[in-house]
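Chain residues, written in single-letter form:
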Amino acid sequence: AQKITQTQPGMFVQEKEAVTLDCTYDTSDPSYGLFWYKQPSSGEMIFLIYQGSYDQQNATEGRYSLNFQKARKSANLVISASQLGDSAMYFCAMREGPGTGKLIFGQGTTLQVKP
Amino acid sequence: DTGVSQNPRHKITKRGQNVTFRCDPISEHNRLYWYRQTLGQGPEFLTYFQNEAQLEKSRLLSDRFSAERPKGSFSTLEIQRTEQGDSAMYLCASSSGGGFQETQYFGPGTRLLVL
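Protein sequence lines, in the order shown, are assigned to chains A and B.
Numbering of the first sequence is given in my numbering, commencing with residue 738 and proceeding in unit increments.
Numbering of the second sequence is given in my numbering, commencing with residue 24 and proceeding in unit increments.
These aren't lab readings, by the way, just hints derived from the structure by calculation.
You may find that some hints are simply not true.
Stated by the list, open to error - Computed list of chain A residues with no C-beta within reach of chain B, every gap over 12 Å: (1) Phe749; (2) Gln751; (3) Lys753; (4) Glu754; (5) Gln793; (6) Thr797; (7) Ser802; (8) Asn804; (9) Lys807; (10) Leu821; (11) Ser824; (12) Gln849; (13) Val850.
Stated by the list, open to error - Lysine to aspartate or glutamate pairs mimicking DMTMM-like chemistry, simulated, CA-CA at most 25 Å apart: (14) A:Lys839 with B:Glu91; (15) B:Lys94 with B:Glu125; (16) A:Lys839 with B:Glu125; (17) B:Lys80 with A:Glu781; (18) B:Lys80 with B:Glu106; (19) A:Lys839 with B:Glu101; (20) A:Lys740 with B:Glu125; (21) A:Lys851 with A:Asp759; (22) A:Lys807 with B:Glu125; (23) B:Lys34 with A:Glu781; (24) B:Lys37 with B:Glu101; (25) A:Lys753 with A:Glu798; (26) A:Lys839 with B:Asp109; (27) A:Lys740 with B:Asp109; (28) A:Lys740 with B:Glu67; (29) A:Lys839 with B:Asp86; (30) A:Lys851 with A:Asp823; (31) B:Lys80 with A:Asp763; (32) A:Lys740 with A:Asp759; (33) A:Lys810 with B:Glu67; (34) A:Lys851 with A:Glu798; (35) B:Lys37 with B:Asp109; (36) A:Lys810 with B:Glu125; (37) A:Lys839 with B:Asp47; (38) A:Lys839 with B:Glu79; (39) A:Lys740 with B:Glu79; (40) A:Lys839 with A:Glu781.
Glycine residues also receive a C-beta, built at the ideal position from the N, C-alpha and C atoms.
Looking at chain A on its own, in the form it has when it is part of the complex (with noise of 0.2 Å):
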């Protein structure tokens, strides 16, 4: 079963305008960490913003913000006043349980911010 489903594979927004990327998530532990990242063109995965699963309020860093919906089990990324730099694909990654290191990634949304 996917543990992260991203379902939306491409989305466009107006420069300037805000846009919201979906993940939602499967995961039966009650302690986990949810991450977005940002891969441009050039290939390199850049940390955007964490939400752990016991924070009582939603992330938030500079234009990224991430709302957290635990009972829906969803994470979703919000951007405020795109720019163009914005286009890049996003991707939504877990961890769960304390005992791994590793994330579990969503197969990611491809954003285009147009001007």
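Got chain A sorted already, so can you dock chain B onto it with the hints?
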């Protein structure tokens, strides 16, 4: 603080040949991870080290693959008798400490093409 570096950035080889990739983590990061990413997919975990110890290996890591981190600093990933299915981007990441908030920082990757 220099980031994670990987060499070579690109590798083209013929089927049946052996290849070796190198990853230099962020200095003082004690954990080092290897992932494989095929076109249009999210990265898949291969293995990770804490210092010199290889703590976890994916079933994706067949016996043709071997990874080392001999002095707890750089790591090498070797693929023996390469197959066309090995063509992918090989990503290395490093982190410090553990816990759910541990953030992995990725290198630029090595693109492998097996002809």
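What hint numbers does the structure not satisfy? Structure breaks no hint.
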